[in-house]
Amino acid sequence: MVKIEAEGKSYVAINDEIHQHAGDILITDCCGQRFIGAGMGNCAIKIQGIPGNALGAYLNGGEIEVFSNAQDSVGDTMNAGRIVVHGNIGDTAGYAMRGGEIYVRGNAGYRTGIHMKAYQNKLPVIVIGGTAGSFLGEYQAGGIIIVLGLNRDGKKIVSNYPCTGMHGGKLYLCSDCQDVLFPKQVTAHTATAEDMQEIAPYLEKFSQYFGMDLQQICSQTFTVVTPDSQNPYKQMYVTN
Amino acid sequence: MGQDYIYPEFEVVRREDRCIRCGICVKQCANGVHAWDKERKILHIDESKCVNCQRCVCFCPVHALKIVKSEAGFRENANWDNQTMKEVYLQAKTGGVLLSSMGNPKPYPIYWDKLLINASQVTNPPIDPLREPMETRVFLGKKPAAVQRDAEGKICCQLEPQLELAMPVLFSAMSYGSISYNAHASLAQAAKELGIYYNTGEGGLHEDFYAYGANTIVQVASGRFGVYEDYLNAGAAIEIKMGQGAKPGIGGHLPGTKVGADISKTRMIPEGSDAISPAPHHDIYSIEDLRQLVYSLKEATRYRKPVIVKVAAVHNIAAIASGIARSGADIIAIDGFRGGTGAAPTRIRDNVGIPIELALAAVDQRLRDEGIRNQVSLIVGGSIRSSADVVKAVALGADACYVGTAALLALGCHLCRSCQTGKCNWGIATQRQELTERLDPQEGYRRLVNLMTAWKHEIKEMLGGMGINSIEALRGNRLMLRGIGLNQKELEILGVYHAGE
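Listed in order, the protein sequences are those of chains A and B. Quick note on numbering: the first sequence equals residues 858 to 1097 in this note's numbering. Quick note on numbering: the second sequence equals residues 761 to 1261 in this note's numbering.
Among the hints, erroneous ones may be present.
As the list claims (entries may be wrong) - Lysine-lysine pairs mimicking DSBU-like chemistry, simulated, CA-CA at most 35 Å apart: (1) LYS1041(A) <-> LYS1025(B); (2) LYS1216(B) <-> LYS979(A); (3) LYS809(B) <-> LYS1025(B).
What the hints assert, rightly or not - Cβ-Cβ distance ranges computed for the label pairs, FRET-style: (4) SER867(A) <-> GLY1245(B): 30 to 40 Å; (5) VAL1095(A) <-> ARG781(B): 31 to 41 Å; (6) ASP886(A) <-> ILE915(B): 22 to 32 Å.
Hint data in this document are derived by calculation from the structure and do not stem from the laboratory. Ideal Cβ positions, reconstructed from N, Cα and C, are used throughout, including at glycine.
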């Protein structure tokens, strides 16, 4: 394993070093350097310290593991690979993500999974262990977002306006969602055994990464939200 | 019928003495204007479906057809013209947002036509481009503020990545989806032969066109369609689309019905799913945020490609451009309010944004005033209609021009402004196979090369006439322009004297 000491280094220098060493990499003392792993296709990066914005942007394979918090835009436009964050993350994680997986032990900020897509055999998945901020799954066009709301001490599992403009994919919330207001164009129902089967592999990985009790998670009530139409704006226009 | 009936805008006139009943007009019209009436054994015309695309007129072998604007209409009224009334009726009937295509057709001032180009007489004689070399090449990208030398005094030639253009023109962003495969094939081949670039728009890049990567600009828009590692590395430059002249401030929306198998592949979304590009990039709320996207793209492509930021020309464009220049972008593309589109809400297209001429002059001046003009190149579009517009744009301060509508005209477009129906009879703005087949990419490519070759000659002649032998020497050279029929404020913004001054 190659060790990159991030202290005092710019993101350009760190990414240069990563590019020079294809293989396992450990970055230590990371302190807000952005774009780590951007556009990479075959990396195995472990990060100690806190990486900056756009961690793993356009990621196209490999795995990035962060042992503390990460900041905004984790996995922006990610196409494949996996990002595991042992702490909390900031806003717009998984923006327009098309494939791959993001696992977060703690909470996520605003606009998680915005405009997430799916394509052929690509199914992007985001699992948030804690709670999610406002506009969760905005414009969601595909993929699966799961929010577990663990240890939330009475806090709402998701803040305001989830699923605004959603027109594809599925959102799972580990809650009965009595206190969550969804927009008109989506339908929320209690997860069936089939629904739960669909996310079982992701929950299993989540529990493995963070040492959680899988049985305990799966025994809870989940709400599933899906859009009513792939074409929400069909009737809006008239040809002039 | 009844209250909603509106007399058709066009009348299709058939000269029966010439018509040989060959039925070509029936086959050529995807709108169903022409039909063979079996019982009456006549060719029937339903002019209510006519969009005046001229397809039947061009293909009638005996020139028996013409399309004329109907004299019929509502009672004349300078305030309530026919179109305005028609739009009210249409909305009263449907409750829909009006959707139009191509550029703003309203009679706003066209400043290109109010600017005149200089020529040398007696002193500083003109140059004959047929005899002497004329440089039309331009390089787009950041330029150093000063000459840098190493310890031994040698000039450092390490420049930021540049785009090299054989002439100061690029084909504008038009996505596969808004235009056809064959239209893209024509543009890509022509760009390669001409030594310029075409632009994927936000629709991703078809696998067949990766071969033209060295002449391709790949676009990243708010929907991020088709954006992934190979796509970013495929092009010569990456363009972040923040806005578009035809619809500033709003997003794009390709309806699911147009997302067929092939389109779904390039956009990388499921078939039949709406392709929604939200109005904003939801991770960009500031210049700092824009900088993050610029640098994430630079990092992902290891600083090998210039990054373009494209915005619509709007009221505060000079300050916006200054911000973009400071975001780390290499090139700013500004799209004027006459820019074309495959579909835009009518009200936005016709009422939002400002003319490109004023925007360009304001931006160039602002960047000079702030001493950062060298940090970015400027591309302008919306709309550039001829080589004269290109020369005027360069003299106002542009490094190069985006050309969209004129390129489509070269491919056969007759500007009927019905792209949004998806039934383009010329095989350009459609995905229906029987229509797309009508555009032969070899023919299309040849016509594009012809058009640009002609423009290049004309540009050289105009340059030569001014006694200038390179585009570089014309850029921002506003003394080569004079205004005609412009008021003091317009002259002040354009930074030109009035003719006669």
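Results for each hint:
With a CA separation close to 30 Å, the supplied pair LYS1041(A) and LYS1025(B) stays within the 35 Å bound. Of the supplied pair hints, the one linking LYS1216(B) and LYS979(A) is violated, its CA atoms being roughly 46 Å apart against a limit of 35 Å. The suggested pairing of LYS809(B) with LYS1025(B) holds, with an alpha-carbon distance near 33 Å, which does not exceed 35 Å. At roughly 54 Å, the beta carbons of SER867(A) and GLY1245(B) sit outside the given window of 30 to 40 Å.
Checking the proposed 31 to 41 Å range against VAL1095(A) and ARG781(B) shows it holds: the Cβ atoms sit about 36 Å from each other. Evaluation of the 22 to 32 Å hint for ASP886(A) and ILE915(B) yields a failure: the beta carbon distance comes to about 39 Å.
Violated hints, listed in ascending order, are 2, 4 and 6; each of the other numbered hints is respected by the structure.
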